[in-house]
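Enquirer: Now for the letters of each chain:
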Amino acid sequence: MLEKLQKKERAEGLKPSDRYDIPPQDMPAQDPVTRRGNVNEVALGYTETQARLEAMRCLQCRNAPCVQGCPVRIKIKDFISAIAEGDYKKSLEIIKENSLLPAVCGRVCPQEVQCQEKCTVGLRFKDPTKAVSIGRLERFVADFGSDNDSVPVVAPETGMKIAVIGSGPGGIVAAADTRRAGHDVTIFEAFHKPGGVMVYGIPEFRLPKAIVAKEIDVLRKMGVKIVCNFLVGRTRTIDELMKEDGFEAVFIGVGAGLPHFMSIEGESLVGVYSANEYLTRANLMKAYDFGRGADTPIAVSKKVAVVGGGNVAMDSARTAVRLGAEKVYLVYRRSEKEMPARIEEVHHAKEEGVEFHILQNPKRIIGDENSHVKAIECLKHELGSPDESGRRRPVPIEGSEFTIDVDTVIIAIGNGANPLIRQTTPHLEFNKWGNIVVDENCKTSMEGVYAGGDIVLGAATVILAMGQGRIAAAAINEHLAQKESASAKI
Amino acid sequence: MAHKIVSKKQLSQDVFTAQIEAGLIARARKPGQFVIVCLSNEYGERIPLTIADADPQEGTITLIWQRVGKTTAQMADLKQGDTIDNIVGPLGTPTHVEKFGTVVCVGGGIGNAPLLPIARALKGAGNTIISIIGARNKELLILEDEFAKTSDELIVTTDDGSHGRKALVTEPLKEVCQRNPGPDHAFVIGPAIMMKFCCDVTKQFDVPTTVSLNTIMVDGTGMCGGCRVEVGGKPKFVCVDGPEFDGHLVNFDLMMKRLDAYHEQEQQAREQYKKHKCKIGLDKGSQRNQ
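For the protein sequence lines, the chains are A and B, in the order given. Heads up, the first sequence stops at 531 in this note's numbering, and the numbers go up one at a time, no gaps. Heads up, the second sequence stops at 830 in this note's numbering, and the numbers go up one at a time, no gaps.
Do not take every clue at face value.
[Claimed, not checked] Think about it this way: if two alpha-carbon atoms lie no more than 35 Å apart in a straight line, the pair counts; the simulated DSBU-like pairs of lysine-lysine are: (1) A/K266 / B/K570; (2) B/K639 / A/K284; (3) B/K549 / B/K619; (4) B/K570 / A/K473; (5) B/K776 / B/K819; (6) A/K266 / B/K544; (7) A/K421 / B/K797.
[As the list claims (entries may be wrong)] Under 10 Å between C-beta atoms, here's a sample of chain B residues computed to sit facing chain A: (8) K610; (9) T761; (10) G766; (11) A809.
These are calculated hints, taken from the structure and not from any lab test. Glycine included, C-beta positions come from ideal geometry on N, C-alpha and C.
Construct all of the structure, not just a fragment, from the sequences and the given hints.
Expert: Below you can see the structure in the form of structure tokens.
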């Protein structure tokens, strides 16, 4: 089919109707039964033929509505056009003008509510799943170019020191962009491995850690210093970094590191985890290899209930499957339509045998005589009028209690802001939820201090954190340039 | 950044101490705080250990640990000059030190290690210090000399009577509480069961009591909540809200269950490590050193 289309394109050009006729290319994936037993990546990536066919589905709209849907404004139609032409190197270069981590974003961005939501092709079919698969194409070129270890050009050294707190997506982009301007950049990471949520949170089967390690390596090659095991607020405070250690600007990208619990009876029983703990044990500490090298244990579960409907809930449920649980239930208080998780993740979870219990919510967790979880008591819910998020509010149905036997409960209902920076940085302004207040340039109330990602936005996404890292880096570069020219005048 | 072991000593059969290079932590640390140690980047586990002492000039911290799990066993096999890959800290909220008047400091087993810097700080703040330190037997008792120097009065107990008084620490604690005037505050650190019974005693006499908890942790920064305990019926994170809490409000029974959550796996890991040592002949080497 590809050859026929290419021939036609060369001869007479492709009409929109020709492009509409190209079937959307499915993502090859590991077999659902096989993958229950391994942690390897589930989505395998397009073949070259698939990528070129998918790229030919793009209408190359003049107004490119997809770009408006992208938080970092990748020149989507241009990189897709380069794929259609078979020039993958050029395609990757186009993406890299705006995004530092295409291999990551192509995998974990919620494209269906960003670029692909606006895609004309999807709108034409009145079906967002029939939009051009921009994310899969992004991943294709990123993986295709993964042998290319080119390092971005760094401007001559300015000698000005910048501290980046947190090595997640926001911090990585802020560090890269400020380093490109020639500044002396140090990333401080509290964990023993850099990468933030991309290493402790998002599982291997969705984002292989080797990809993250490669991106971190690029930073090192650019000359960014990465200091692990350094908890800003405890090891050194922001004030100490700026007043005593000579850092002239700081980017705070510490994420939303405080798991919410439900405040219900039984939440401290043995076998109840926050999703953060469960995923950190499994991903960062590699507890799936416990007994085969890894030292960190994790619950050996038969029946697991995961509470929540976001991507983190899906990641937890699918991790439990891989750790050998016989039954994994996903308990969510609204209906599937309101789930914040990506459609693809929901689909994968179902394929892997996760049972969905929608319109239900735990009322309490019941323990046995040893304080181990033995069941959850749930209430059925129905949908009422829309709440402030625009989604219909779940209303408990009185007297509808029932129990589900489980030995493990994973709470995945979101994260709040970790209070450590707040407690140790008195001059910094926070909102009532504990998030840092910033202006449109990601500048905080403190001179020289910028912030971005989940600590500003509340729980959001990798790409939004990257977007803010980029804005903050531009503002920091500007701030330091002004500072330098001011001191030059003196 | 690897941390070099400057010196290392065995304090009792299963208890070890080492001075370790960690300049930033040595400068920032306050009594009551702890670090998290992780021995290998790829597969290591993260364990919390209290900072027993620090020398900001030398840039070293002193850790004291008991050989219970795999990582503590592995640390016991490290020698002077060896390095530890990952130490993060200081973590946790420092001890609230003020002049209470007379303070009774009760330590049990390895709990004497975190108690010592607190007793010193309290002494420095002008308190009269009565220390009660105990262990199962003479061999397991640590830091007696150090406590003698810091305390106005020192009571030593062993379960078997091999040293000091044959008693559990709760006995002399009760007597101290019965004195007139009684103590104004108590600090209790040791195994969960000991802290529980000590709190039962001090509660009878209305002596406000601070305990320091050492629960299972992963990150130690508030991110995972694995360390949570029930305090006054509400969940609290030991790593950021603690490690010190009002002992009269802590649900020790639940805490003990949570501490035991990975008991089998911990045993398995320790056994595997022992076997591995035998295979590579490390066990003989470490015996020679002893």
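Enquirer: When the structure is checked against the list of hints, which entries are broken? Sort them ascending.
Expert: When the structure is compared with the hints, only number 5 turns out to be violated.
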